[in-house]
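**Student:** Following the hints, position chain U against chain X.
Note that the protein sequences, when read in sequence, are chains X and U. Residues in the first sequence are numbered from 1 upward in steps of one, following the numbering used here. Residues in the second sequence are numbered from 1 upward in steps of one, following the numbering used here.
In short, the hints are calculated from the structure, not lab data. Treat the hints loosely; a few may be bogus.
Far from chain X, by Cβ distances over 10 Å, these chain U residues were calculated [stated by the list, open to error]:
| hint | residue |
| --- | --- |
| 1 | E89 |
| 2 | H102 |
| 3 | A142 |
Listed next, with one range per pair, are the computed distances between beta-carbon atoms [what the hints assert, rightly or not]:
| hint | chain 1 | residue 1 | chain 2 | residue 2 | range |
| --- | --- | --- | --- | --- | --- |
| 4 | X | R149 | U | H102 | 28 to 36 Å |
| 5 | U | K21 | X | R143 | 50 to 58 Å |
| 6 | X | P105 | U | H102 | 21 to 29 Å |
| 7 | X | D46 | U | S34 | 42 to 50 Å |
These figures come from a predicted structure and were not determined experimentally. Even glycine gets a Cβ: it sits at the ideal position worked out from N, Cα and C.
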Amino acid sequence: MNAHLADTPVLETERLLLRAPQAGDYPAWRDFLCSARGNFVGGGSDVDVGRAWRAFSAITGHWTLRGFGMFVFSDRGSGQPLGACGPWYPEDWPEREIGWSVWHPSSEGNGYAQEAARAVLSHVFSDLGWATAVSYIDAANIRSQNLARRLGAALDRTASRPDPDDLVFRHRPGAATP
Amino acid sequence: MTTTISIPTIETERLRLRSPKPSDLDAYIAYRASARSRFVGGPNTADEAFSMLCSIVGQWQLRGYGRWMVAQKDTDDPLGVVGIYHPLEWPEPEIGWTVFEHAEGKGVAYEAALATRDFAYRTLGWKTIVSLVADENQRSVALARRMGCKRENVFQHSEFGDLPVWRHPGAEEGRP
Chain X
1 MNAHLADTPV LETERLLLRA PQAGDYPAWR DFLCSARGNF VGGGSDVDVG
51 RAWRAFSAIT GHWTLRGFGM FVFSDRGSGQ PLGACGPWYP EDWPEREIGW
101 SVWHPSSEGN GYAQEAARAV LSHVFSDLGW ATAVSYIDAA NIRSQNLARR
151 LGAALDRTAS RPDPDDLVFR HRPGAATP
Chain U
1 MTTTISIPTI ETERLRLRSP KPSDLDAYIA YRASARSRFV GGPNTADEAF
51 SMLCSIVGQW QLRGYGRWMV AQKDTDDPLG VVGIYHPLEW PEPEIGWTVF
101 EHAEGKGVAY EAALATRDFA YRTLGWKTIV SLVADENQRS VALARRMGCK
151 RENVFQHSEF GDLPVWRHPG AEEGRP
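Here chain X stands alone, though its shape is the one from the complex (with noise of 0.2 Å):
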């Protein structure tokens, strides 16, 4: 008898696929991680490759232990993975999260993380009934906290947050039109 992490769910959107992680996805994550882009993520270009290493297993364990996770998101045409998006709750967040990150400076610009978010919320408010999620958002991260405003999210000046330095935006059903 084999323990699996079944059913994750797929979800495709006009050109990107998002699954649960597999092993083939760890390089480029890896490089993701241990590079400047890595920053807002717990990474950064002093992260030795180990710490990515355990990031990308707990990424994921996550899917086991809270039956929902971040998912990879790759090209269609390719299977090239490209970023990573879905929802998230380690033992130290207040509530559930909605994260998102880029992985290579040339997938950037393209609303590829614009795309793979409104997939995720719609998952998670229509699938999950879910009646609320966060994003923590640091405040030097301007570029996600635009893509927030984007998804129809607006700043909670009042949540918890995990780390004072964050902004918390909070998204509702129905906020991010498709």
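**Tutor:** Just chain U now, kept in the frame of chain X:
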């Protein structure tokens, strides 16, 4: 396209080695918060413990082998974590064992570690395997000896310091 992780379930006389699951979290967080985790990087916060339990599952995906939650066969009560631990920076895969406080002194680690070694040799077809055991961890040193391991050399880890390498009897040598 759906992602699947296969974590086999193994049953021994008294134990079930199975995938971690949400109901194991409290026991694992309590263990990681206690002084019992001092030889394996602890004590840790609840958040760190959560990530570590997640990583136990994730290593199966990245390596194709990993560690199990060891549960009491009849009640499914989690007793510890045993299996093949192989993070990126490790010199080679090792049989690792951890037993929660309420399960100590009952031979749980021994029974689960033997099942793990059997899995490594018979199912995975490996010829050799080690365990990394800190010298100060006297209970684990005693278990390594009981399993017929021989202290070979010392792996120096950037964070955890000196980790002596204990080599198990090989697949061809039979069980001690």
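**Student:** For each hint, tell me whether it holds in the structure or not.
**Tutor:** Hint check results:
| no. | hint | result |
| --- | --- | --- |
| 1 | E89 | 5 Å, violated |
| 2 | H102 | 21 Å, holds |
| 3 | A142 | 29 Å, holds |
| 4 | X/R149 x U/H102: 28 to 36 Å | 50 Å, violated |
| 5 | U/K21 x X/R143: 50 to 58 Å | 37 Å, violated |
| 6 | X/P105 x U/H102: 21 to 29 Å | 51 Å, violated |
| 7 | X/D46 x U/S34: 42 to 50 Å | 31 Å, violated |
Hints 1, 4, 5, 6 and 7 from the list above are not met by this structure, while the remaining hints are.
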